[in-house]
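Engineer: Sequence:
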Amino acid sequence: MKIARFSAGGDPQFGIVDDDELVVLAGDPMFHGYDTTGERVKLADVRLLAPVIPRSKVVCIGMNYAAHVATMQYEVPENPLIFLKPNTAVIGPDEPIIIPPVDGRITHEGELVIVIGKVAKRVKKEDWRDYVFGFTIGNDVSARDVMFADGQWARAKGFDTFAPIGPFIETDLDPSALEIETFVDGEPRRKGNTRDMITGVPEIIAFVSDAWTLLPGDIIMTGTPDGLGGFHDGQTVEIRIEGLGTLRNPAKNRDDRVD
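Each residue of the sequence shown is one higher than the one before, starting from 1 at the first, in UniProt numbering.
No wet-lab data here; the hints were simulated from the structure.
Glycine included, each C-beta is placed from N, C-alpha and C at the ideal position.
There may be inaccurate statements among the hints.
Claimed, not checked - Using C-beta positions, here's what the derived DEER-type ranges look like:
hint: 1; residue 1: A177; residue 2: D130; range: 17 to 27 Å
hint: 2; residue 1: D160; residue 2: D11; range: 34 to 44 Å
hint: 3; residue 1: T37; residue 2: P100; range: 16 to 26 Å
hint: 4; residue 1: D150; residue 2: P96; range: 17 to 27 Å
hint: 5; residue 1: G10; residue 2: P250; range: 18 to 28 Å
hint: 6; residue 1: T36; residue 2: K191; range: 37 to 47 Å
hint: 7; residue 1: D103; residue 2: A44; range: 19 to 29 Å
Stated by the list, open to error - Below, in silico cross-link-like pairs of lysine-lysine (DSSO-like), each with a Cα-Cα straight-line distance of 27 Å or less:
hint: 8; residue 1: K121; residue 2: K57
hint: 9; residue 1: K252; residue 2: K57
hint: 10; residue 1: K124; residue 2: K57
hint: 11; residue 1: K125; residue 2: K57
hint: 12; residue 1: K252; residue 2: K191
hint: 13; residue 1: K118; residue 2: K57
Just need the whole structure built from these sequences, with the hints factored in.
Structural biologist: Quick look at the structure:
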């Protein structure tokens, strides 16, 4: 089942995707179940929002595809490389990625995203499904030269708008062998399959939850396949994942003028 978070001109609402319509839910299904209001709205008549706003954190897995590790000239990490983005980095479908005035390339990283559904601490890998609400698409946007200049990744990957997610959450998906493709203005840039992850979804949840308590609504970006990553003002990044659809975001330079 695909879950959307949307606005029809008022407060955010949730709905179940049914072809070209949304069956409107009475509340956030993560907390209130799937009771409906009896209302239906056309997808074409609403604005899709980020399908979830993480309550506490955006967790990211770095260097999780061997080909990407080789391109970046790193060694395959002994343990999953985990880091955080602030939840203020999250935006939804078709919202602009705002490019800050920093030196160097801004890069895209199309990724499968895990949406946590309940409090998770020290989860056994065989129990991972009990803690997952569903999956969506994410873009781990990075200011590449800032990463190297700072010597760590918090600023380079944590700018506002640097975590687009969407368009929907799919609650019934096998994440083990999904095609992932990234395009910039229609040009293929990255391509891979989740079967090539160094650390798979069950192991990711076990490892991350051993370090940090995961809360409902937290998300985990699981790493990007290899490919060319740069984009700039005026271009549009599209990420397609099998079973999840397409996440599309235009890029726009930040306007730093003072009126």
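Engineer: Hint by hint, say whether it matches the structure.
Structural biologist: Against the structure, the hints come out as follows:
1. A177 to D130: 17 to 27 Å: Distance hint for A177, D130 holds at roughly 22 Å.
2. D160 to D11: 34 to 44 Å: violated, 22 Å
3. T37 to P100: 16 to 26 Å: violated, 40 Å
4. D150 to P96: 17 to 27 Å: holds, 24 Å
5. G10 to P250: 18 to 28 Å: holds, 25 Å
6. T36 to K191: 37 to 47 Å: Holds, since T36 and K191 (Cβ atoms, about 38 Å apart) stay within the stated range.
7. D103 to A44: 19 to 29 Å: violated, 41 Å
8. K121 to K57: holds, 14 Å
9. K252 to K57: Measuring from Cα to Cα gives roughly 25 Å; hence the hint holds.
10. K124 to K57: Distance of about 21 Å is within 27 Å: holds.
11. K125 to K57: holds, 21 Å
12. K252 to K191: holds, 24 Å
13. K118 to K57: With Cα atoms ~14 Å apart, K118 and K57 stay inside 27 Å; holds.
In this structure, the hints that do not hold are numbers 2, 3 and 7, in rising order.
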